[in-house]
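Peer 1: With chain A held as given, fit chain B onto it using these hints.
Protein chains: 2
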Amino acid sequence: MRKTKKYCYGFCVFTSIIINILFTINLYFGGGGGGGGGGCGLSWSEKAAAEAEAVAAISCSGHGRAYLDGSVDSDGRPVCECYACHVGIDCSQLSPGCAADADSGDPIFLEPFWMQHPTNSAILVSGWHRMSYGYNDKSYMSVELENYIRKLHSIVGNAITEDRYIVFGIGSSQLLNAAVYALSSETSSSPSNVVASIPFYPMYRTQTVFFNSKNFQFQGDTKAWQLNNSTNMDVVEFVTSPNNPDGELKKSVLGGKTIYDHAYFWPHFTPVPAPSDQDLMLFTLSKLTGHAGSRFGWAVIKDKDVYEKMLAYIKVADLGISKDTQLRVLKLLKVVVEDEGKTFFKFAYNKMKDRWDALTSVFSKSTRFSIQHRHPLQCTFFNETRLASPAYAWVKCEREEEDDCKAVLEAANIIGRAGSMFSDKDRHVRLSLIKSQDDFDLLLQRLTELVSLENGSIQTM
Amino acid sequence: MRKTKKYCYGFCVFTSIIINILFTINLYFGGGGGGGGGGCGLSWSEKAAAEAEAVAAISCSGHGRAYLDGSVDSDGRPVCECYACHVGIDCSQLSPGCAADADSGDPIFLEPFWMQHPTNSAILVSGWHRMSYGYNDKSYMSVELENYIRKLHSIVGNAITEDRYIVFGIGSSQLLNAAVYALSSETSSSPSNVVASIPFYPMYRTQTVFFNSKNFQFQGDTKAWQLNNSTNMDVVEFVTSPNNPDGELKKSVLGGKTIYDHAYFWPHFTPVPAPSDQDLMLFTLSKLTGHAGSRFGWAVIKDKDVYEKMLAYIKVADLGISKDTQLRVLKLLKVVVEDEGKTFFKFAYNKMKDRWDALTSVFSKSTRFSIQHRHPLQCTFFNETRLASPAYAWVKCEREEEDDCKAVLEAANIIGRAGSMFSDKDRHVRLSLIKSQDDFDLLLQRLTELVSLENGSIQTM
Numbered sequence: 001m002r003k004t005k006k007y008c009y010g011f012c013v014f015t016s017i018i019i020n021i022l023f024t025i026n027l028y029f030g031g032g033g034g035g036g037g038g039g040c041g042l043s044w045s046e047k048a049a050a051e052a053e054a055v056a057a058i059s060c061s062g063h064g065r066a067y068l069d070g071s072v073d074s075d076g077r078p079v080c081e082c083y084a085c086h087v088g089i090d091c092s093q094l095s096p097g098c099a100a101d102a103d104s105g106d107p108i109f110l111e112p113f114w115m116q117h118p119t120n121s122a123i124l125v126s127g128w129h130r131m132s133y134g135y136n137d138k139s140y141m142s143v144e145l146e147n148y149i150r151k152l153h154s155i156v157g158n159a160i161t162e163d164r165y166i167v168f169g170i171g172s173s174q175l176l177n178a179a180v181y182a183l184s185s186e187t188s189s190s191p192s193n194v195v196a197s198i199p200f201y202p203m204y205r206t207q208t209v210f211f212n213s214k215n216f217q218f219q220g221d222t223k224a225w226q227l228n229n230s231t232n233m234d235v236v237e238f239v240t241s242p243n244n245p246d247g248e249l250k251k252s253v254l255g256g257k258t259i260y261d262h263a264y265f266w267p268h269f270t271p272v273p274a275p276s277d278q279d280l281m282l283f284t285l286s287k288l289t290g291h292a293g294s295r296f297g298w299a300v301i302k303d304k305d306v307y308e309k310m311l312a313y314i315k316v317a318d319l320g321i322s323k324d325t326q327l328r329v330l331k332l333l334k335v336v337v338e339d340e341g342k343t344f345f346k347f348a349y350n351k352m353k354d355r356w357d358a359l360t361s362v363f364s365k366s367t368r369f370s371i372q373h374r375h376p377l378q379c380t381f382f383n384e385t386r387l388a389s390p391a392y393a394w395v396k397c398e399r400e401e402e403d404d405c406k407a408v409l410e411a412a413n414i415i416g417r418a419g420s421m422f423s424d425k426d427r428h429v430r431l432s433l434i435k436s437q438d439d440f441d442l443l444l445q446r447l448t449e450l451v452s453l454e455n456g457s458i459q460t461m
Numbered sequence: 001m002r003k004t005k006k007y008c009y010g011f012c013v014f015t016s017i018i019i020n021i022l023f024t025i026n027l028y029f030g031g032g033g034g035g036g037g038g039g040c041g042l043s044w045s046e047k048a049a050a051e052a053e054a055v056a057a058i059s060c061s062g063h064g065r066a067y068l069d070g071s072v073d074s075d076g077r078p079v080c081e082c083y084a085c086h087v088g089i090d091c092s093q094l095s096p097g098c099a100a101d102a103d104s105g106d107p108i109f110l111e112p113f114w115m116q117h118p119t120n121s122a123i124l125v126s127g128w129h130r131m132s133y134g135y136n137d138k139s140y141m142s143v144e145l146e147n148y149i150r151k152l153h154s155i156v157g158n159a160i161t162e163d164r165y166i167v168f169g170i171g172s173s174q175l176l177n178a179a180v181y182a183l184s185s186e187t188s189s190s191p192s193n194v195v196a197s198i199p200f201y202p203m204y205r206t207q208t209v210f211f212n213s214k215n216f217q218f219q220g221d222t223k224a225w226q227l228n229n230s231t232n233m234d235v236v237e238f239v240t241s242p243n244n245p246d247g248e249l250k251k252s253v254l255g256g257k258t259i260y261d262h263a264y265f266w267p268h269f270t271p272v273p274a275p276s277d278q279d280l281m282l283f284t285l286s287k288l289t290g291h292a293g294s295r296f297g298w299a300v301i302k303d304k305d306v307y308e309k310m311l312a313y314i315k316v317a318d319l320g321i322s323k324d325t326q327l328r329v330l331k332l333l334k335v336v337v338e339d340e341g342k343t344f345f346k347f348a349y350n351k352m353k354d355r356w357d358a359l360t361s362v363f364s365k366s367t368r369f370s371i372q373h374r375h376p377l378q379c380t381f382f383n384e385t386r387l388a389s390p391a392y393a394w395v396k397c398e399r400e401e402e403d404d405c406k407a408v409l410e411a412a413n414i415i416g417r418a419g420s421m422f423s424d425k426d427r428h429v430r431l432s433l434i435k436s437q438d439d440f441d442l443l444l445q446r447l448t449e450l451v452s453l454e455n456g457s458i459q460t461m
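So the protein lines, in turn, are chains A and B. Letter by letter, the first sequence follows residues 1 to 461 in the numbering used here. Letter by letter, the second sequence follows residues 1 to 461 in the numbering used here.
No lab work stands behind these hints, which were simulated from the structure alone. Please read all numbers here as calculations on a predicted model, not as lab measurements. Think of the CB as a built atom: it goes at the ideal place given N, C-alpha and C, for glycine as much as any other residue. Possibly wrong hints are sitting among the right ones.
Stretches of chain B that chain A covers, calculated by requiring three or more beta carbons in the stretch to come under 8 Å of a beta carbon on chain A [said to hold, decoys possible]:
#1 111 to 118
#2 163 to 177
#3 254 to 264
To be clear about the criterion: a stretch of chain B counts as covered by chain A if any three or more of its residues have a C-beta under 8 Å from a C-beta of chain A, and this derived list gives those stretches [said to hold, decoys possible]:
#4 42 to 54
#5 316 to 326
Subject to a maximum C-alpha distance of 30 Å in a straight line, what follows is the list of computed DSBU-like cross-link-like pairs (lysine-lysine) [said to hold, decoys possible]:
#6 B/LYS425 - A/LYS138
#7 B/LYS309 - B/LYS151
#8 A/LYS214 - B/LYS214
#9 B/LYS138 - A/LYS425
Just chain A, same shape as in the assembly:
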């Protein structure tokens, strides 16, 4: 099945290459550009379209990619940028001994979906597109895009957006701090205390410490805070659900002012038992469609005052969000909601399920390492009971003496993110499962080798 798909895809790419070589020859050597078009009724847009197809047709052996804005050769023509562990002009050579890098949350696992749906996901941006600071209604946010975000949540059933406000941000990254700002005390004399439950995404701490505001300060773990402080202090609690790193669906511990980081609350990572109906929920394109590079996120907000404060934050920080990006996000979401989201989320879920099936098979043979337990839950979107397929494996080194699990994996040429990065013990390490297929395949190979050595010496590798 997968092979047939590959050949199909290969054939398309091959046909596309032939067509494009012919066209590119015309473009580069025939003067190209403007004019009356080459017979398909296009005029000024044809050159940009041809450039994009030409660069897409450059073969990098499936282990790299050429880009319109990427590296060029001495003649100014785009060349392959090879993925990790691959080298050579067409990226076909494997670097021997290259580490399996499972550190970052770069969501490249969805790239194949977009390559298989090129027609409806492409945009052509004219030189004069949306030059103004604002849209026609003077806002910094596209009404059309906001409508599609609401439609998406309604189709997926993961968040209530009726009678809620929406604010766009530069990824959910920017919205994290905008939300802390909006929920915090306005008096410098008693700053709000920001907490999160261990293990938690390090950005909550990093941002709060970095911006060093008089209005809020980071206080670490929610439970430790609860034990040591009176209940009437001003607190803002981060709840990440599903959690990064371990994929758990979480709830607020303190029940007060809470920021729900729902970056991973999509059917490919977790069964969606019911729509979230929290006061302040954050989402990001990055973990939905895989477009981390576009830097786009949104907040769904109940309270008008909080909404206005977050809006003010985005305005003061950078006078709004790139309109080029908003145009692209709109196009991508139109593809996602096609067929009521079934095509997209099925692809994304199957990708994650395949990876988890392979991963659990390897870890089931190990007593030295364990991964998080995954609970079966009813998913209203797929209308069946499923296991979660989180973005990350949260690996534990079970041997008493192996309390630096990152180092243990590193000795086997596997790069993960240490538990201490998530304010947890280093006996845990996070492995990213959402990178490219190449990255995942190499990770799986290295893990298989590592586990197969368990009956031998632990120093073998």
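Peer 2: Okay, now just chain B, sitting in the frame of chain A:
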């Protein structure tokens, strides 16, 4: 001459409309999309290209524009979004009594340039373009784009970039605060003092107050600060050159840590006497090419430590800048540097010069209102002595009793920005000269009427 151009342009648009109507019929009703293309060798990109041309071909009488992500009719087809003061399906009707809005610095005066150069300024973004957080070198910034920025400064001769670091930001807006952060004290006990010379751009104060950091605080006017404080205190000085609102080329007063905001330091706004060689210089695409909506700016930095702090700020704030935007900016700058920048900057300068010629002609007949004096200076880019043609007119109400100049203009149906917004007296008001031709024409008409009434009653309007 201008008429011939208009007819030429009209003819092109007309031809384009015919071609596109035919193609659009095929696209919307013939199934469109994918497949083997319509005879020009394009495949997957053709639909996006056709959509962009179809929306560009919608006539809005020159007083509005239809957008790919804009308002749609009940059948989902894009409709005209009319500019201020115009209404109707094709924006052809003028709203009677509509105010001449010269408030914002929306740089739409350059839109016609991009409409006249559609072929080389368009980009087609594939669905899988740059999905990763980083570029191939793991950075958040496109090396190609950085190269073009350096090339641009070298051609224009407005800034030294050799042996300097460059950091991209979300407009220069974000870089203002990133720069304050980078230059500020690291100890909360003695925050740095941020100052600027009156009249100054309000964002300096707004951001510094809004983020309420322990590391820096806004202290207002540079000269007042200098009089009242000892010289050994930690200060960060904003210098805007040319200045917003009055267009003056300015220098640091205190001579210490300085942020040079060079947003307007381009040949269309000022003669460029020599390349700026300051420690920290900020530029923005908005006032260079007119693409405010893309939110892109850059800093040119001498000191490595300051560079690294600004880089860290962008990373912590939002994990980098949209890659879609970076691709677009690269394409736009490639057009700007064509012909050593002559075509672009000539267009932009002539536009501003025409507006200033018309404006000074009106104000020369007035004793009630004056505008700033403009000094002739040698411009190394155009290689001749020229007057500045600033982005804003800094209007003064000369009559003793008219100390609220914004209100005086408002009574004449002209909207400006009050002097107090720039921490100056309200006897001054800023009028934006960089909005659309429609906006400028209406402004000129209202000013002409106002000035012509000077010999009559001042309450006439």
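Peer 1: Compare the structure with each hint and give your call.
Peer 2: Cross-check of the supplied hints:
1. With a cut-off of 8 Å between beta carbons, the segment 111 to 118 of chain B has 5 residues touching chain A; three or more are needed, and the interface restraint holds.
2. Residue count for the segment 163 to 177 of chain B with a Cβ under 8 Å from a Cβ of chain A: 6. That meets the three needed, and the coverage hint holds.
3. Counting residues of the segment 254 to 264 of chain B whose CB falls under 8 Å from any CB of chain A gives 0; the rule of at least 3 is not met.
4. By the rule of at least three residues with a Cβ nearer than 8 Å to a Cβ of chain A, the coverage given for the segment 42 to 54 of chain B holds, with 12 such residues.
5. For the segment 316 to 326 of chain B, the stated coverage by chain A holds: 11 residues have a C-beta nearer than 8 Å to a C-beta of that chain, and at least 3 were required.
6. For the given pair, B/LYS425 sits about 28 Å from A/LYS138 by alpha-carbon distance, which is consistent with the 30 Å threshold.
7. As the CA atoms of B/LYS309 and B/LYS151 are separated by approximately 25 Å, the hinted pair is consistent with the 30 Å bound.
8. Between the alpha carbons of A/LYS214 and B/LYS214 the distance comes to roughly 6 Å, so the proposed pair stays at or under 30 Å and holds.
9. A C-alpha spacing of about 28 Å is found between B/LYS138 and A/LYS425, which places the hinted pair at or below 30 Å, so the restraint holds.
Taken one by one, the earlier hints fail for this structure only at number 3.
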